[in-house]
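**Student:** In case you want the letters, here they are:
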Amino acid sequence: GNSVTQMEGPVTLSEEAFLTINCTYTATGYPSLFWYVQYPGEGLQLLLKATKADDKGSNKGFEATYRKETTSFHLEKGSVQVSDSAVYFCALSGSLGSGNTGKLIFGQGTTLQVKP
Amino acid sequence: SQTIHQWPATLVQPVGSPLSLECTVEGTSNPNLYWYRQAAGRGLQLLFYSVGIGQISSEVPQNLSASRPQDRQFILSSKKLLLSDSGFYLCAWSQGDTMTDEQYFGPGTRLTVT
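Line order of the protein sequences matches chains A and B.
Counting along the first sequence from 1, when you hit position 92 you're at 92 in the working numbering, and nothing is skipped either side.
Here the working numbering = 1-based position in the second sequence + 1000.
Hints may be right or wrong, so weigh each one.
What the hints assert, rightly or not - 20 Å max Cα-Cα, derived DMTMM-like pairs, lysine to aspartate or glutamate:
#: 1; chain 1: A; residue 1: Lys60; chain 2: A; residue 2: Asp84
#: 2; chain 1: A; residue 1: Lys52; chain 2: A; residue 2: Glu76
#: 3; chain 1: A; residue 1: Lys68; chain 2: A; residue 2: Asp84
#: 4; chain 1: A; residue 1: Lys60; chain 2: B; residue 2: Glu1102
#: 5; chain 1: A; residue 1: Lys56; chain 2: B; residue 2: Glu1102
#: 6; chain 1: A; residue 1: Lys52; chain 2: A; residue 2: Glu69
#: 7; chain 1: A; residue 1: Lys68; chain 2: A; residue 2: Asp54
#: 8; chain 1: A; residue 1: Lys52; chain 2: B; residue 2: Glu1102
Said to hold, decoys possible - Under 7 Å between C-beta atoms, here's a sample of chain B residues computed to sit facing chain A:
#: 9; residue: Trp1007
#: 10; residue: Ala1040
#: 11; residue: Leu1047
#: 12; residue: Glu1102
#: 13; residue: Pro1107
Calculated directly from the structure, the hints in this document are not laboratory data.
The C-beta atom is built at its ideal place from N, Cα and C for all residues, glycine as well.
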């Protein structure tokens, strides 16, 4: 079945450091891929998405490229800020015909802590 | 614009007591609705989803039930809470009449069963 695997955290970085959070997936067909962010005590917010191979999603300085050949969707940011401290979730949606359309499958989440 | 509300924001209930959490969506019609649970330090587990009024699909067997009495209202219930029901409950919606997949989440309800 479909699944998402994220690197385990926590990830601790200094402000202005480069961020990579790895995400790989297993899926049938051609799912859409997402990154969500959860700030402490809040719900999840959609950060970015990509709907087909080689698409690059980007938002707020974060970006991720849909790599079908490596089944990956790694999240990157060139210079993190303290305000980026949060839990980041990678997710995929079921593709047409898979019976899972509309459902999201989430990774376990990666906690990012950015220190000043 | 669309907004999603959940209440209460926090809840402390004794074991064996009933539960009712409510979720409402504004600014859209015929949304798909979802209930997730997030245990402490863990990922999200999909509990229920609904594609229309009165249509509920359960993803995992459990002590909880869901209902959708109105198009934009989704309720999570239990007759008798267990300690293991503690967690952060998130409601989400997605557009029901397109193939757009992204889901939009409410602020969540923190449930502590004592």
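**Student:** Are any of the numbered hints broken by this structure? If so, which, sorted upward?
**Tutor:** 3, 9, 10, 11
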